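Colleague: If you want the building blocks of each chain, they are given just below.
Number of protein chains: 4
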Amino acid sequence: MGKNGRVQVGIVGASGYGGVQLVRLLMDHPEVELVYLGGESSAGKPFADLYPHLAHAVNLPIEAVDAEVIAQRCEAVFLSLPNGLACQITPILLEKGCKVLDLSADYRFSDLATYTTWYGTERSDQSTAATAVYGLPELYRDRISEAQLVGCPGCYPTASLLALSPLLKQGLIVPETAIIDAKSGTSGGGRQAKINMLLAEADNSLSPYGVGRHRHTPEIEQICSELAGHEVKVQFTPHLIPMVRGILATVYATLRDPGLVRDDMVTIYNAFYRNCPWVRVCDSGVYPQTKWASGSNLCYIGIEVDPRTGRVIVMSAIDNLIKGQAGQAIQCLNIMMGWDETLGLPKLGFYP
Amino acid sequence: MGKNGRVQVGIVGASGYGGVQLVRLLMDHPEVELVYLGGESSAGKPFADLYPHLAHAVNLPIEAVDAEVIAQRCEAVFLSLPNGLACQITPILLEKGCKVLDLSADYRFSDLATYTTWYGTERSDQSTAATAVYGLPELYRDRISEAQLVGCPGCYPTASLLALSPLLKQGLIVPETAIIDAKSGTSGGGRQAKINMLLAEADNSLSPYGVGRHRHTPEIEQICSELAGHEVKVQFTPHLIPMVRGILATVYATLRDPGLVRDDMVTIYNAFYRNCPWVRVCDSGVYPQTKWASGSNLCYIGIEVDPRTGRVIVMSAIDNLIKGQAGQAIQCLNIMMGWDETLGLPKLGFYP
Amino acid sequence: MGKNGRVQVGIVGASGYGGVQLVRLLMDHPEVELVYLGGESSAGKPFADLYPHLAHAVNLPIEAVDAEVIAQRCEAVFLSLPNGLACQITPILLEKGCKVLDLSADYRFSDLATYTTWYGTERSDQSTAATAVYGLPELYRDRISEAQLVGCPGCYPTASLLALSPLLKQGLIVPETAIIDAKSGTSGGGRQAKINMLLAEADNSLSPYGVGRHRHTPEIEQICSELAGHEVKVQFTPHLIPMVRGILATVYATLRDPGLVRDDMVTIYNAFYRNCPWVRVCDSGVYPQTKWASGSNLCYIGIEVDPRTGRVIVMSAIDNLIKGQAGQAIQCLNIMMGWDETLGLPKLGFYP
Amino acid sequence: MGKNGRVQVGIVGASGYGGVQLVRLLMDHPEVELVYLGGESSAGKPFADLYPHLAHAVNLPIEAVDAEVIAQRCEAVFLSLPNGLACQITPILLEKGCKVLDLSADYRFSDLATYTTWYGTERSDQSTAATAVYGLPELYRDRISEAQLVGCPGCYPTASLLALSPLLKQGLIVPETAIIDAKSGTSGGGRQAKINMLLAEADNSLSPYGVGRHRHTPEIEQICSELAGHEVKVQFTPHLIPMVRGILATVYATLRDPGLVRDDMVTIYNAFYRNCPWVRVCDSGVYPQTKWASGSNLCYIGIEVDPRTGRVIVMSAIDNLIKGQAGQAIQCLNIMMGWDETLGLPKLGFYP
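Chains as they are written, first to last, in UniProt numbering: chain A, 1 to 352; chain B, 1 to 352; chain C, 1 to 352; chain D, 1 to 352.
This is chain A alone, in the form it adopts within the complex (with noise of 0.2 Å):
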């Protein structure tokens, strides 16, 4: 127990958008005290090297990993690290009693052989990633409120998995007519100097990348196959957009009942959400915009019906780094500490 009876937390991983995202919205989370940010690169420098305009809010230094440290001080901790890393410190973490969120791709997969399959590293852990759930709380909060180990959805999946669930679980669509053609901010990216991720070349640009193989592909198959009964394959298109925060998918898929319109769509789709304070269905004819979910935990849904293709074209919009990272692992937090699920987290950014 820290100060004033707060949890105390860590992150592992600070030095990225992933670590500043999570550093910024803990700070103002009223149950929780960050007191541990650790790091490879950056170990040993205070964490105001790395953002100077936050010197006088945050005076942590980055230490070097040890689990048993980690475990000896923090509640709860957060692994912001590259994908592979986590599952070198979770087991030990978790033995000592410690709750563990990873942001990674290392514990989104229940059948490490997929993992393998798309990651190309074989892993021994079978059996901590089998205790691991899926941090996607509109769909597992039940699930996650009895977890130890979450293994926190990535962006894409996010804003996916929350446009196609309705349809899937209430069996509404052909499953394997779904595409999801999503758009990102280059933010997405990380905190890594890349060419491709330069303003001078991305700016005034627009790019598809990773078609028909990208890493979230199987992580949105996996729900998506549970969520229909059977096994699905989605075909899943990302682009990098001008823009920093912010992630757009744009799902197509064929109705089972062509007689469907889009006010039943709707109708559906806020029952779905009614328990879901993060999720805002828009009103009839009206599309989501990535900027009003910018700077919030909230994902926005738009619905369309077109009757002359009989497809129905769901939009989601959320920021990439909140909602589709560091904001909805700390909604699993809230969830695993049996808090409100809202607690701490921006419920509207600014506009515009």
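It is worth saying that the hints were derived from the structure and are not from the lab.
Mixed in with the good hints, there may be bad ones.
Copies of the same chain look alike in the list, so a pair counts if it fits in one copy or across any two.
[As the list claims (entries may be wrong)] The list that follows gives simulated cross-link-like pairs (lysine-lysine, BS3-like), each with its CA atoms no further than 27 Å apart: (1) Lys194 <-> Lys45; (2) Lys45 <-> Lys347; (3) Lys233 <-> Lys3; (4) Lys96 <-> Lys233; (5) Lys194 <-> Lys169; (6) Lys233 <-> Lys45.
Being a predicted model, the structure only gives us computed values, none of them experimental.
Given chain A's structure and the hints, the job is docking chains B, C and D onto it.
Modeller: For chains B, C and D alone, coordinates are given in the frame of chain A:
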């Protein structure tokens, strides 16, 4: 005949982005002399009042629109007007022997009933419309060469049809599975003061619009149906992207023959566009970016096949104001005049 | 007194960017209840018609403006109107006992002759204007605490004066050498459809405007003169930057004492702003970026001394819509009400 | 002599933005044949590996740098290398009779002591440096026409000096009052992966840098001193702007004769640049925007006089990669070869 034996041309609707693009491009054209600029709201002003940075290069005034005068002074005229206006002067221009290149939707439809359904106005010039050729040279070069009236394609249809045509013409896909997810810079909205096009609103954001009902849909369908040999409905969804220029169309369709691989498709596309100087098929594994096409009349096409889903994904990138509008109109003029199709058009933009 | 003993406040001119910013900020304020939204052009509409993404959070209508009604329902009111309108209702509001925070230029000048010179309209409310306090808390905290009417500073003057004040107050510079080269995102132009503010025009570009005659000049000069103890003229040049939010003012002035070095200046600034929670003086050698301040009420100040030229260069960065407008007005309200100056205001934005 | 009697030229350092700009521009040049591309890190690769969209237009490989080989194959060569490398091969190139246009800082200074002070490296080629001409044609056309070695100006000095030269040459200002507040798009930072140049960091933001110590300062001062006839120190502050291309320099200086008005200045500037095809002086009351110059070799200059302060404010806008770099180098080549100064250079960009 004008100076140095050049062909005298005019532009009606010179004040908008289509107009200024035509002005700029025609100034570099070796066989053309721009002698007339027309407009309604800005009639009487020097063109340079609207675009001060062109003051040293263009000293034409904008004149009130008078079809008789235009026909007298111009061998060919570009109409860059809001929908529904070109059809008011075109019959006179044609009668007087003027070649007409209309950039609006007025002469894109062989059947005006389709126009009326989607654009909401009755038309009485079916006989004129029946003589119009759809100005997509990669498909209709021969007809354009003999036309007096060309209905130039919309920006989205240009990108969409160049991506889809080889597939439909060769019968490679199931036509009704075609989905076009298109993304455009905001210059496509024209030089009109609209709140949703303000930088403060549109920057850092991404918005779908016109889902299932955008007016470019019937235009795409008309040509797709002709290529397929039967009526085809396509799903078309435009999105507003925070950049000035460029369109990327991401096109999805189910292959009839699941055995086709990416290299097959690249070969097929290269063959299809063999004689098309303005289409560049990317090497296998390369996807286009809009920045590549910016400032040129080129269309870059990249192709992927996803064996997991049996779909082909085709991505086409153009500059919406050049190949998607003014450049393509000049390409048509070149063909109508019997000139080289590439004459006076920019082959490469600047990068980055 | 409103719900839970909260103070009831209203906003007149709720539809613009100043309005939506106030709405958003006041929703997080623990001591305030927003009970009234007023406007002319949008009177009768629900606020959510203008900002659909706020539909779940704000269900107030926009009402026609009636000073009597406002004063009856609100203890304090923010006026976010075009220049020249606030002065029409303020006298009534004050008479009825309402606290007034005006975000326009109407009550920024102690001498209305200056207003008339620069804004071109005669005014007859000098007696009211004489009671107004200039709402820059870092300079006038005490006067604000006793004011009933506050004329909140413009966005440029806020950034400029926070950069210049220590220099002038301490007599460190030759006042007439002060040059302010200021750069602003386009949201400063408001939510009005203007062609030069379109993304297509303003993106990828950079424009100076109002050189030598911008209306924020006399406002800056009035305060500079007061600080210097004699009349001061400053050079002020604003520029439009292709971004949504943020102002950076780069201020140049010749030092009286050429022996002063950068560290001296940092010490002096830190001392000057010691009790100012919303000003952050950067460490020696660090310059601020507008992104740091975005989404917060902070002003970051960086300082350089150039021994080669004998000049000090001060750079200040703010969010033009928060510290430069709505946030600062709420900071003033906090002081007027005797609350902590930081109450309900965002301490940190999101990065990147 | 190359194909069709064209002059054979080469580029060393072809992989960066300066290189690709030169490649692109030289392809349009009617008197030049590009026969050689050299580079270190990318030696052995086809140029099109770096810029795939140019694959159809450029099929030269990048070769390892060998001065003897270059001199044998090229009549003139552009060196677009990091500072400190050009001086290693230039003496050999000159000796073999090759014309050299260096885009780095190596040959911008008549006195290498200045170079050493600001760039930190000793140099032993003072005799070579003494033969170099500063490649700003508007000032040194005659000397350039007779030069074998041209040290092309930096991007900021180009914009700054074109704004300042008439004032200094005519003795209109007090030289030591000159302040240059310059703003640049991020392409000025080159095609190198740096975190502060990522879109996620640089977009939506605005940063001053190198205040009081940017390396372009001595270059500006060298020419200003020459124009003024005595040593002049200027204040120069660069800023990073969230756009790809363009520089705007806002220059402030105190007029010697306070009676001069704006129209006088416009007349003086027009006279000064009468024979300069690449400088456009804006009409009185018009200020330039960077978008106007984008994609052309033009420099637009706007002038204001503030009678309140006795200062002149001059604003110059260029495309930093064309007039600020590659275009200007070609302009110099044109002059060295006795060709028309405008040959092969873009007269107008596209708008918007």
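Colleague: If a hint holds in the structure, say so; if it does not, say that too.
Modeller: Consistency of the hints with the structure:
no., hint, verdict
1, Lys194 <-> Lys45, "both (23 Å within a copy, 20 Å between copies)"
2, Lys45 <-> Lys347, "between (32 Å within a copy, 24 Å between copies)"
3, Lys233 <-> Lys3, "neither (49 Å within a copy, 52 Å between copies)"
4, Lys96 <-> Lys233, "neither (38 Å within a copy, 60 Å between copies)"
5, Lys194 <-> Lys169, "neither (39 Å within a copy, 40 Å between copies)"
6, Lys233 <-> Lys45, "neither (45 Å within a copy, 39 Å between copies)"
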